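With chain A held as given, fit chain B with the ligand onto it using these hints.
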Amino acid sequence: MKKSTRIGILLAVLVIAVGAGLAQWLVIRNDDVTKAASGLITSVEIGGPFALTDHTGKQVTEKDYLGNFTLVFFGYTFCPDVCPTELGDIALALDELGDDSVAVTPVMISIDPERDTPEVLSQYVSLFHERLIGLTGSPEAIKQVADAYRIFYKRVDDPDYSYYLMDHTSFVYLLDPEGNVASLLRYGTSPEEMASIIRQHMRG
Amino acid sequence: MAIVRGLAALVIAAGVLGGAVPAQAHDHVQGSLTIVHPWSRATAPSQKAGGVFLVIQNAGDRPDRLIGIESDMADIASLHASIRDGDVVKMRPVKGGIEVPAKGEVALAPGGKHVMLIGLREQLIKESTFPLTLIFERAGPIEVVAVVESAGARRPAAGDPEHDHDAATARSGK
Ligand SMILES: [Cu+2]
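Respectively, the protein sequence lines represent chains A and B. Each residue of the first sequence is one higher than the one before, starting from 1 at the first, in the numbering used here. Each residue of the second sequence is one higher than the one before, starting from 1001 at the first, in the numbering used here.
Just so you know, these hints were derived from the structure itself, not from any lab. Be a bit skeptical, because a hint or two may be false.
[Said to hold, decoys possible] No more than 16 Å apart at the CA atoms, straight line, and that leaves these computed lysine to aspartate or glutamate pairs for EDC-like:
| hint | chain 1 | residue 1 | chain 2 | residue 2 |
| --- | --- | --- | --- | --- |
| 1 | A | K154 | B | D1087 |
| 2 | A | K58 | A | E119 |
| 3 | A | K154 | A | D167 |
| 4 | B | K1048 | B | D1075 |
| 5 | B | K1095 | B | E1137 |
| 6 | B | K1090 | A | D158 |
| 7 | B | K1113 | B | E1099 |
| 8 | B | K1090 | A | D157 |
| 9 | B | K1048 | A | E114 |
| 10 | B | K1048 | A | E119 |
| 11 | B | K1103 | B | D1061 |
| 12 | B | K1095 | A | E114 |
| 13 | B | K1095 | A | D158 |
| 14 | A | K154 | A | E114 |
| 15 | B | K1090 | A | D167 |
| 16 | A | K154 | B | D1085 |
The structure presented is a predicted model; accordingly, all values stated were derived computationally and were not measured.
So here's chain A without its partners, still in its complex pose (with noise of 0.2 Å):
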């Protein structure tokens, strides 16, 4: 064997062994973040009461929607590419639990309140699940909500126009019928694993 192929084949080694490594430590990373969402690691506590304004104008919180699994994801009606996937993944997840999916209630909270009043969202909402609701609030009632779910989100101004985009965790929570986070889908679940993950809660 020449001795550049020897070190072709070291180094060849050294890049799969060091990106396993790399797959390990982020699979296990992610695995935190699920089971701090799943209630495994109680130091860091997801969810919690909320007061929003559902798209119908209603005063709603938390407690109009125990008793239903819920899936919760935050996002805005500005973004025309991210949020609709989603959207358009979680009505999917709903169609593939078929007769179950009664018991699933979708909701989106907008991050964007400013634009997304709740006029916008009852146009917005139906064109994805005839079931999904949306919710808005105050900037801070947004915030608190934000902030109880670990949901990140920023104004991103553009200098040469008037308008604006959202940068934002892109999470969807499954809650339970009592309220409490029981698995994070992250972006990228596919409609089966959703709707996988979903029946596995329901059977308890």
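For chain B with the ligand alone, coordinates are given in the frame of chain A:
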């Protein structure tokens, strides 16, 4: 290919007339560039932003670059990319355009690069179409017609034989 081009002509004709067209694959060919099935997503009247997705194929020996978008549908039409930063998603304008490699292709697809329509002047209604112009550095302007899919569509209902997405389009078919 001739059939596909014929279809494209039909779609363009229908688009110009402002009518709804059946969701079928359509391509636009100009020189060595093919714009494959431009599509968009339905919006609510209250929604002031929309996205357009498509694939650009370059059969030529020289790279080209998508440098701009023109559309009467919105106040601003620009090139954007959704970027993942850990669990945070961000949308940013693409500076300097999008390169289309020689003998290669580039996809504008949900979760990545897209055409962003800001300040929509019209609601985008499922199964309707609208024109927009892609401006290339070398090939110049190419007018295409985008087909509007359901609001949460991940991909167009037609033009992608690997997947069956009847469910995705039937679901929000209202
Ligand atoms: Cu965008």
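(message) Need the list of violated hint numbers for this structure, in ascending order.
(response) 12
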